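The chain contents come next:
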Amino acid sequence: MSDMVLGKQSGRDKLFRGLVYVILGVFVLFYLTPLYVMVVTSVKSLDEILSGSLLAFPKTLDFYGWDEAWNNACVGTECRGMAPFMINSLIAASLATVIPTAVGALNGYALSLWRFKGSDLLFGMLLFGAFIPFQIVLLPMASFLGWIGWSSSLTGLTFTYIVYGLPFTTLYFRNFYVSFPPDLVKAARIDGIGFFRFFWRVALPSSVPIMIVSVIWQFTNTWNDFLFASTMTKLESATVMVALNNFVQVANGVKRYNVDMAAAIIAGLPTIAVYLIAGRYFLRGLMAGAVKG
Amino acid sequence: MRNFLKPCILAGALTLVNGTSAFADGKLDIIHWWTSGGELAGIQLLRDKIEAQGIEWFDAASAGGAGTNARTLFRTRVQAGDPPAVMQALGTEVNEWAETGILGDLTDLAAEEGWYDLVPKPLHPFMNVDGKTVAVPAVWSQINWVWGNKAIFDKYDVATPQTWDDLVAAAKVFKDAGITPIAHGGQPWQDTAIFDGILVSFDDPEFYRKVAFEQDLETLQGPMFHEAMERLRWYSQQLDKSSPGREWTQAQAMVLNGEAAMSWMGDWAKGWRVTQGQEPGVDFICFPTPGSNDMFVWLADFFFFPKIEGEANNAAQKAFASAVMEKNFQHDFSLIKSGLPVRTDVDNAGWDDCTRDSISRAKRAEARGGLVASLGFAHSARSDVQGVFRDTLSDFVNTPDMSVDEGIEILIDGLDSL
Amino acid sequence: MALTDNIPPTRSAPVGKLKHGTTWLQRNIAWLTFLPTGILGAIFIYGFILLTIYISMSASKLIPDYTFVGFEQWERLWGMRRWGIAVNNLFLFSGMFIVIATAIGLLLAILLDQRIRAEGAIRTIILYPMALSFIVTGTAWKWVLNPGLGIESLLHDWGFVEAQFDWLVRRDRAIYTVVMAAVWQSSGFIMAIFLASLRGIDQSIMQSAVMDGASSWRIYRRIIIPQLGPAFFTAFVILLHMSIKSYDLVIALTNGGPGTATDLPSTFMFDYAFDRSRIAIGAASATMMLFAIAAIIVPYLYSELRSQDRS
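Chains as they are written, first to last, in our numbering: chain A, 1 to 293; chain B, 294 to 711; chain C, 712 to 1022.
Hint data in this document are derived by calculation from the structure and do not stem from the laboratory.
Every value quoted in this text rests on a predicted model; they were computed, and no experiment measured them.
Watch out, some of these pointers could steer you wrong.
As the list claims (entries may be wrong) - When the alpha-carbon atoms are kept at most 25 Å apart in a straight line, the in silico DSS-like pairs for lysine-lysine are as follows:
hint : chain 1 : residue 1 : chain 2 : residue 2
1    : C       : 772       : B       : 600
2    : B       : 425       : C       : 772
3    : B       : 465       : B       : 320
4    : B       : 465       : B       : 414
5    : B       : 503       : B       : 534
6    : B       : 443       : B       : 465
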């Protein structure tokens, strides 16, 4: 923390610090408002929502919204609630977290500690893939998945996530390993310790922090993806983001805001949980990547 | 049946294998966008009929934007070489897809069941492309409808508007009383749909044809089209300000609960009202867009059938087509979903006054060439032309200071750039 | 700062004397390990990019049609009023988004750097929007911004009957609500970048400045902020890249409306490629987006990788 503190040396110290807290307080309210509105609305009855104020605290807790969203939410004639879609998301997000993280670790290791001719160029080219607008690959990807028989399936979607997750995970591990003490690597190589042994014995055990970063990054990004999921799934393979978007756009009769909000919170819970549990790493992940998709 | 399927589907998801089916009678995956009100009830009726035949039904409903999301899904599936068995479509979409050669052939079935003797003539061009039957109509709908809250009309002693001037006067009464005259869902497809109603409010079939079918430059620059845009401007001034982005059902709900006096929407809005326990003539009134009593602008919902693998699946497609065209189903479906049956021999039992009115209007209109296909839903022109109208009209409705001349100029430029 | 965070070892690292008797496999294991990823990247990144660019030069309408038509579709695209609106909106949106998110991010970072109580909690709150998809938070935003239901009606209830907050439904204002929501989602991230950078600044310079009796404001303006150059650059690249790719934000909030008021190239592409029968136009617009991103990212990556090599 910097020793330089605004107003520290002046007599207006208290006033100044007060102002700092006030400004921060206003921003905190700004950031919290949408979440607050979602939560209180989800536990209000529809009557109370329509008659009362947006920000008012619920008079009575009513879990109708949660019950409906979890058990009965409908898409078309299918009323399955959210559970099947949560399972789909969980499958896709888990696989698309584990595999790219493992592959990315090896790639990053090879590209940093075992550089070969052209390895920087290859890394740069792969990294470019993290920045491309994914719209550009939608149609070719759909053709490809159809060609190998994975059209509109969870397998195909997961595959897509894995492929486009690789640039990110490779970046993380490469940037992590690149700061390894060069002497250590040199010594190991002179001793004839092989590529995989060094990776397994030395590199990997020390890279737990970046592994967590990679896991969090892949998990939240995959879970939150809408672009691929909305075009590459059908009902049985739809992820929870696609289902949520369908739920909230269907208004049969009066719009049930409590159900919508409850569904939205349910869909957001896993990533919020990951964020709260591993928030420190989450931040570091954003920083290390500094390439938000 | 559905409860029985649930575990299978779940298991399918868990093992990452999709759509493994142990059913001998084929499966039918269907993409549609009927997700609310009478539309939803209607598709449920169809589903029950299909499942009763032992065919597995995979529902890929996709809500929103009059089929936008469903179309996206369909296109990716086609791109992947894995089209669904059945796809919902509007008007010329059928023709466009048929021309790509991906659709199956139902000509034999059509001949066997005599479809072309039963189905009203105007629908034929969308069923039959280059001599091949590729699609079945499910229902056809009158678009130039206005729905009014009867209690409000009675309270302010407003008679059903017959002419455009009546409408303007009525709207003024409501506005002065603090009631939103017209409830509107401000999504581009709805902005375009109500323009269909305005185009026929001139009671001039020739004018409609020149605009909607030919996009005739002289007509678009002429005084009548100018007046049509003026009417659209007037319409845009009768709305509450929260209308942009609103779902059509939300707009109907505003009329139902008395926030607004009336709404313009095709006859599926009546189907929605019925699911809300409303009765025509008691809770709401229906009347054609003022001035269009002898005009009938229509859309039809079609189902088409891409070529897919598997004899059982092809049989399921045919069973579906057959079920849609079946006489009793047409009767029930037109009641639930609301609209007119696509067979001329359907018994009119149970129809309400609005539907009867609609049928007699269709007959009157047909006699004078006023039975016309919708522009807003891409029946009279293809989707790119309709898209230009949609972008322009929607911008026009939402930009209060855009002049009529400017709107027309943008429209003509847009059509030019195609 | 993204890539320069970690100073790489000298290039000589891998060139240590190897023991005798290494096999071909042992000598080539590094690139062989990378090979599968390289192949995937070649196909799924570069192959697909080339394919899309080719489609943008084809006659494709409803389905891909590989008849080559040159730049016809590109010309058509740039002649379209709606594309013009989308590009305009992108400039407007990314301009405001970058400036506001950077300003708020920097302000928050400076404030949080004042030995604040509960810093961790405040940071958590400022950052959580990053963890949530806009499909999730859009439901709340839409409601808060809706004049009939949200803040405007709240203000009316509180007695401010003249209060207006109807940007979401106004054609000339809706894009600002998209900016607001985007800033809400991303400014915490920018805060984090600046905060990390602030804490990396050499303390001794500042201490001597304090000794000299310079005012805080001067110290920030003259000494600290100029040292944040790399952080500004990183923030700029990230925000610009985010704004070009923004998609679910718009879908969830306005769906491009009212009318075409909040159309961006990303939503335009989707509409033309999927809803209308114009795959080639959609591909052309995706190609434009790619070019725009490449124009920023390629020099960025180049300079980052070069500066690593030099150090």
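Here's how the hints hold up against the structure:
1. C/772 x B/600: 20 Å, holds
2. B/425 x C/772: 22 Å, holds
3. B/465 x B/320: Not satisfied, since the Cα-Cα distance of roughly 55 Å exceeds 25 Å.
4. B/465 x B/414: 41 Å, violated
5. B/503 x B/534: 33 Å, violated
6. B/443 x B/465: The hint holds at about 17 Å.
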